[in-house]
Every structure is written in C-alpha cells, then in structure tokens.
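Enquirer: Quick mapping for you: the protein sequence lines, in order, are chains A and B.
In this text, residue positions in the first sequence follow this note's numbering: the first is 1, and each later residue adds one.
In this text, residue positions in the second sequence follow this note's numbering: the first is 1, and each later residue adds one.
Simulated crosslink set (DSSO-like; lysine-lysine; CA at most 27 angstroms straight-line):
{"hint": "1", "chain 1": "A", "residue 1": "Lys57", "chain 2": "A", "residue 2": "Lys11"}
{"hint": "2", "chain 1": "A", "residue 1": "Lys71", "chain 2": "A", "residue 2": "Lys11"}
{"hint": "3", "chain 1": "A", "residue 1": "Lys11", "chain 2": "B", "residue 2": "Lys42"}
{"hint": "4", "chain 1": "B", "residue 1": "Lys42", "chain 2": "A", "residue 2": "Lys57"}
{"hint": "5", "chain 1": "A", "residue 1": "Lys57", "chain 2": "B", "residue 2": "Lys49"}
Just so you know, these hints were derived from the structure itself, not from any lab.
Source: prediction; values computed, not measured.
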Amino acid sequence: DTGVSQNPRHKITKRGQNVTFRCDPISEHNRLYWYRQTLGQGPEFLTYFQNEAQLEKSRLLSDRFSAERPKGSFSTLEIQRTEQGDSAMYLCASSQGGEETQYFGPGTRLLVL
Amino acid sequence: AQSVTQLDSHVSVSEGTPVLLRCNYSSSYSPSLFWYVQHPNKGLQLLLKYTSAATLVKGINGFEAEFKKSETSFHLTKPSAHMSDAAEYFCVVRSGGSYIPTFGRGTSLIVHP
Numbered sequence: 001d002t003g004v005s006q007n008p009r010h011k012i013t014k015r016g017q018n019v020t021f022r023c024d025p026i027s028e029h030n031r032l033y034w035y036r037q038t039l040g041q042g043p044e045f046l047t048y049f050q051n052e053a054q055l056e057k058s059r060l061l062s063d064r065f066s067a068e069r070p071k072g073s074f075s076t077l078e079i080q081r082t083e084q085g086d087s088a089m090y091l092c093a094s095s096q097g098g099e100e101t102q103y104f105g106p107g108t109r110l111l112v113l
Numbered sequence: 001a002q003s004v005t006q007l008d009s010h011v012s013v014s015e016g017t018p019v020l021l022r023c024n025y026s027s028s029y030s031p032s033l034f035w036y037v038q039h040p041n042k043g044l045q046l047l048l049k050y051t052s053a054a055t056l057v058k059g060i061n062g063f064e065a066e067f068k069k070s071e072t073s074f075h076l077t078k079p080s081a082h083m084s085d086a087a088e089y090f091c092v093v094r095s096g097g098s099y100i101p102t103f104g105r106g107t108s109l110i111v112h113p
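Bound conformation, chain A alone:
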C-alpha cells in the first residue's frame, strides 16, 4: 500500500491554457474524490466516483472542469481555458466500500499566471 499519489505536485500555467492532473488511489479503493483548497480555507468537494461512475458533482465544478476515471482505477481532472481564479491546491482522496475514512494524496498545486 503506497498511499494516494498525485501528479504533478506543482503546475504553473498561463491563463487560457489547459491542464490535466492525475490521481492514483490506494489500490482496490472503489471511491475517489476530488477537492479544491484555496489559501486559508478547508478543502471544498468537487466530485466523486464510485468505480468508474461519476456519482456527484459540486456546483463549483464549472463546465471548464472535467473528471474521468475510465477503468475505475486512476482518475484525471482537466481544467480547460484556465483562469487566475483556478489557482489552488487540488486534492484527491480515496476510500473503500462502506469505510468512511478518506485517505488523501499530497495534492497538486496549480498557479495560473
């Protein structure tokens, strides 16, 4: 068990560019969550998957954001036409079945210039 991993750890991009982040959950965890955390705030829920199905999306997830988990293992979060307001830490977490505890990755810090 190597824990939840996220890549890249840091990303600097120019406004208007597209970015994609990857999350690898703990193996055999069937639930995967994405959060966004801005400075001085707690993580805010974006979306979650059970296996490959995206079951819930927050209103924070505008149409520029899309997330996938094609084979029920790793997940990607893409942001199209980035804006400066997208600058934040993007966190991924996973959990198993009825277990309520979520295990978090180290996050991807995005800076949009």
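For this one, chain A is given, so just place chain B on it according to the hints.
Expert: Only chain B this time, still in chain A's reference frame:
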C-alpha cells in the same frame, strides 16, 4: 444540509500545555465527525473519527475528541502539546446517507517552545 464551524482560526499554546481546538457542527441526519491534520507540504492525515459509537474518541498522537449532541460540538483536545503538533487542523462533518463531507475553514495550531 450540513455545516461545520471552527471557532478559532489560530490557537497558540506553549509546549507541554493543553490544547483545545473547538468545532461546532450542523447536520440534518446522524453525523459522522472527523478531525484531520495538515502539515506543511504534506497530505491531510486522519486524527480521529466519530461514527455513532463511543462519544469520547481517541486518536493518534495523544489527541481525543468528545461528541456532544446537546451542544452540537466535537472539540479536539490534547493534554500536552508538542512542537511537532504545529499544523493546520480541520473539523469535518458528514451526514448519514451521504458520502460528501464538509470541511471547516481550519485552525492553525502554533506551539511555542
């Protein structure tokens, strides 16, 4: 609906003295409650959780929290602070039947030598 309020944005203590981080919650259904800790440049780590069993919950690193339904509180305590406890702490609520947690804004614990 669910929400969580962390009553202090910063708490400052001396090493060896008690720690109290306050959290109040609101939940429509039987809640599960968690405390997570976030050290700089590290992922969120679960300290402890309450899931309708014993109201006094013991966690890692000497932390504990007490669920008080009448006060809708879930305060985090530790008898004696250590320098390594300096970090950001998040109180989290999840209502029964939902997989989506709500995080508080966080309390920064500062420990002085």
